[in-house]
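S.K.: This is what each chain is made of:
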Amino acid sequence: MSPETTRRRRAIFHERQTYRRRRQRDAARLLAVLGVALFAVPLLWERAGTENDAVAMSSAIIYLFTVWGGLILISLWVGMTAARWGQDSDRAAADPGSESD
Amino acid sequence: MASFNLLVAVCLGYVAILFAVAFLADRIAATGRGRWLRSPLIYTLSLSIYCTAWTFYGAVGYAVRSGLEFVTIYLGPTIVMIGWWWGLRKLVRVGRSQRVTSIADLLSSRYGKSNTLAICVTLLAVIGITPYIALQLQSITLSFATFAEADPSRGWADVSSGLWVAGGLAIFAILFGTRNLDANERHHGVVTAIALEAVVKLVALLAVGIFVVWGLAGGIGETMARIDASPIGEWNVDPGRWSAITFLAAAAFVCLPRMFQVMVVEIDNERHLHTAAWAFPLYLFLMSLFVVPIAAIGLDLLPEGTNPDLFVLTLPLSQGREDLAMLSFLGGFSSATSMVIVASMALSTMLSNHIVMPIWLSWTGSAASVSGDVRSVVLLARRVSIVVILALGYFYYMLSGGGAGLAAIGLISFAGVAQMLPPLVGGLYWRGATRTGALAGLGVGAGLWLYTLLLPGLGGFIPDTMLQQGPFGLSWLRPQALFGITGLDPMTHAVMWSMALNALTFVIVSLITLPDPIERLQGAQFVNVFEHSTGLRGWTGYVAQSEDLLIMAQRILGTSDAQTLFQREADRQGARGHLPEPTPDFLERLERNLAGSVGAAAAHAMIAQIVGGASVSVEDLLAVADESAQILEYSSQLEAKSAELSRTARQLRDANDMLTRLSAQKDAFLGQVSHELRTPMTSIRAFSEILRDTEDLSPAETTRYAAIIHDEARRLTRLLDDLLDLNVLESGQVSLNMRAGTLAQVLDHALSSALAGAERKMVVHRRPEMENVPLYSDLDRLAQVFINLASNALKYCDADRPELTIRVQIQDDMLSVDFIDNGRGLTDEAQTLAFEKFYRVSGEKAGGAGLGLAICREIMQRLDGDVTYLPGQGGGAFRVTLPLREGGRGIDAAA
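Just so you know, the sequences run in chain order P and D. With my numbering applied, the first sequence corresponds to residues 181 to 281, in that order. With my numbering applied, the second sequence corresponds to residues 854 to 1748, in that order.
With the rest of the complex left out, here is chain P (with noise of 0.2 angstroms):
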């Protein structure tokens, strides 16, 4: 195969849509990542009990509910623009690992 017909058949840039869509699907991915890591942060405050002042209960309801309150923002942003995700999942299949989960 000649290097103009491979170029043909596996576009590597997209048009500026599709390569939204594309980092929108990333997004998607990472935000469980995102929640772990963000959730996880409460495993390193001071407990009550120890020598240094512990976190405030309601600092700990603060924090803990923004972050979940963010993440479901986010979440709900990737849930609206996932309706358009199939549109292109056709040439997304010639993208090694979008469809590979």
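Label-pair restraints from in silico Cβ distances:
{"hint": "1", "chain 1": "D", "residue 1": "S1229", "chain 2": "P", "residue 2": "Q197", "range": "54 to 62 angstroms"}
{"hint": "2", "chain 1": "P", "residue 1": "T198", "chain 2": "D", "residue 2": "W1213", "range": "53 to 61 angstroms"}
{"hint": "3", "chain 1": "P", "residue 1": "Q197", "chain 2": "D", "residue 2": "V863", "range": "53 to 61 angstroms"}
Stretch-level coverage of chain D by chain P, calculated; a stretch enters the list once three of its residues show a Cβ under 8 angstroms from a Cβ in chain P:
{"hint": "4", "stretch": "912-925"}
{"hint": "5", "stretch": "1080-1087"}
{"hint": "6", "stretch": "1133-1144"}
Far from chain D by the CB rule (all over 12 angstroms, computed), these chain P residues:
{"hint": "7", "residue": "E195"}
{"hint": "8", "residue": "R196"}
{"hint": "9", "residue": "Q197"}
{"hint": "10", "residue": "T198"}
{"hint": "11", "residue": "Y199"}
{"hint": "12", "residue": "R200"}
Hint data in this document are derived by calculation from the structure and do not stem from the laboratory. Each residue gets a CB set at the ideal place from its N, CA and C atoms; glycine is no exception.
Guided by the hints, dock chain D onto chain P, whose structure is given.
M.R.: Same frame as chain P, now just chain D:
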């Protein structure tokens, strides 16, 4: 003060509304209308059965005891939902494409349709979920009791109320959960009812929360201050438990049979996940938002010793807000009932499909499976299973006495069902996972769970001495400190050991065992589900005949309706004529239309019959495999045939080459013969002309010329004799005159003939003692060969004193007679050509026609022997070989 009677009335009214909603939803779904029943909102709300009474009431109690640790129960599912792209998407796709009915069915299906595995999973689920159901019954009776205490006019027996509740739930589950045979079909009634209950419990908790924050505490700032001042005002979460319970909740969210039921089995459209991914975490967020404020304010306002598990109920009651308490009660009631209904439905499906039906079928034999009564048996089995599960839950509640032991059961239950996670994840992502591995891992995990968590947690099952010192005094086997690890909280300890060893065993056993073919096929179907399935409904058959579909649809929908439907579809597809292409979309719409008339299960079955299945089943694949095996076999036969043909072709080509060569030889032979005949004929003609035309010839000249003519004529005769002889020999028409004799006689005769009257003298060396060999052959012909060889030696031996040695040998029934002279022998070229016709060593010196050796070879081959040149003997040497024969055996064949 709210009367207890009012509470019972409200409760009954609420149940009546639930029944009505479920009934209506089923009716609407049956007519094919009600798009909203399949909306993502209903799906998200149905997921809320995750929040049971344990979380509705218990979260506040949990917060009082352990601070923010309660939130881990919600964080796990949140992570699973926002990570839907990784896990749930695949799980749902697999569940839809394989049309699984429960998590036991999914695991069984993945691991080669193993019923053993399904039974193990079912038993584990029943053991894990029964205490959980007991917990729900307890929460309902407790909340009843709370109201009863507030209304002293009524005597209240909480145990009997548990029975009533269990009975009512069983009836609801049976009525709406077992209406249809196809468990894979949506239970719109149940799902809609639990969606309504989800709204009620969210509203109830939010109402109590808002009342507490703005009604009692006086705003957010005030609330935060009072929280910080309360006994739970500081961060006090054990990191091990934080991670372990988050993980457990995430695992249980996927593995709990009731969650699997609403999340995978009841899903209508994969795209619902897009909505649920944010909406369900939002639901959980709202459910937990006011837990800590309620706990802190409750601790502040309520008298010491009040059960914190019922703060949600007692706080409004203590403030005189019966309406709010009533709403809160309904919220808790909703949480408990929805969980019990779906859990019992899911478990009953597992029990009837994997335990009751296999037993029943093997009991009644295969005859029953073809008759129509299977349907009623399955339904009966499901209904009985529901009753049995609720009875189990009730008895468990009775036995445990409704004490505090139950409060811990929620997490213990989670840890039990979480044991299904390694085989589930392994099955979805790793093709190497095997049934044996899954069974072994599940066995190890479940055993450790029983030993380290369930039995010690229940109290009374394991004696204290064993907890303290380990079984048989083996301290490293202490249930809550395996291998001497004592620093861990029992829950973290149990989760860590059971999950780690479960996964380890699963992986190791999978690595060393071999899956059977169905397992491997299913493994590929599961792991590569996105390559095998196209859509959520899984209609992949493009082979359906649109005409067949139309005929079927006409029978059910009526001729004009069906034709209108097909025409509309054809127009939509832009197809000419009246028949649309059987695309998955169209099949799905058609199935929905048919479902309105005959029910979804029947519609699905009918389309499946025409289309040929929802997706490729293992049987299909096996059939395909068989077919390919046959094709392979056929093609190997073809290959063999083609090899045979090419062999034949090669043989024909060889034969043709040989014929061409023979033809060329014949031409050359004829040319040579003509040449040989022409030479004497020329001299005969010349000398006979001289004799005729010359008159004055002297008598001496006349005599000389006549002698020449005579000689030439003799030569011609000899040549023609030889040619005739050769021709007869070559054509195989020679008749051999077989008789017995000895080699010595033949040699004597031959040598005397050859040497008699010769001009040169030749010494012949013989060894008479070797020559006394009995022969059975054509002795005259043999003698002819010997004469030829001897006279050749006499003619061509160029030694001064020619000598001929005759050597006789017997080897393996073959007699060989060598004629060796002391001349120079034949040149290389002469050796290869000596046996060709008309070959003469040195021109016409010896006067022969060059046919002698050719004739010798022909004779010997007729006699099953041969004559060859024997190089390297110091002179010309020819070897005559001849088989030794007793009688006439084999001669007939040669003749």
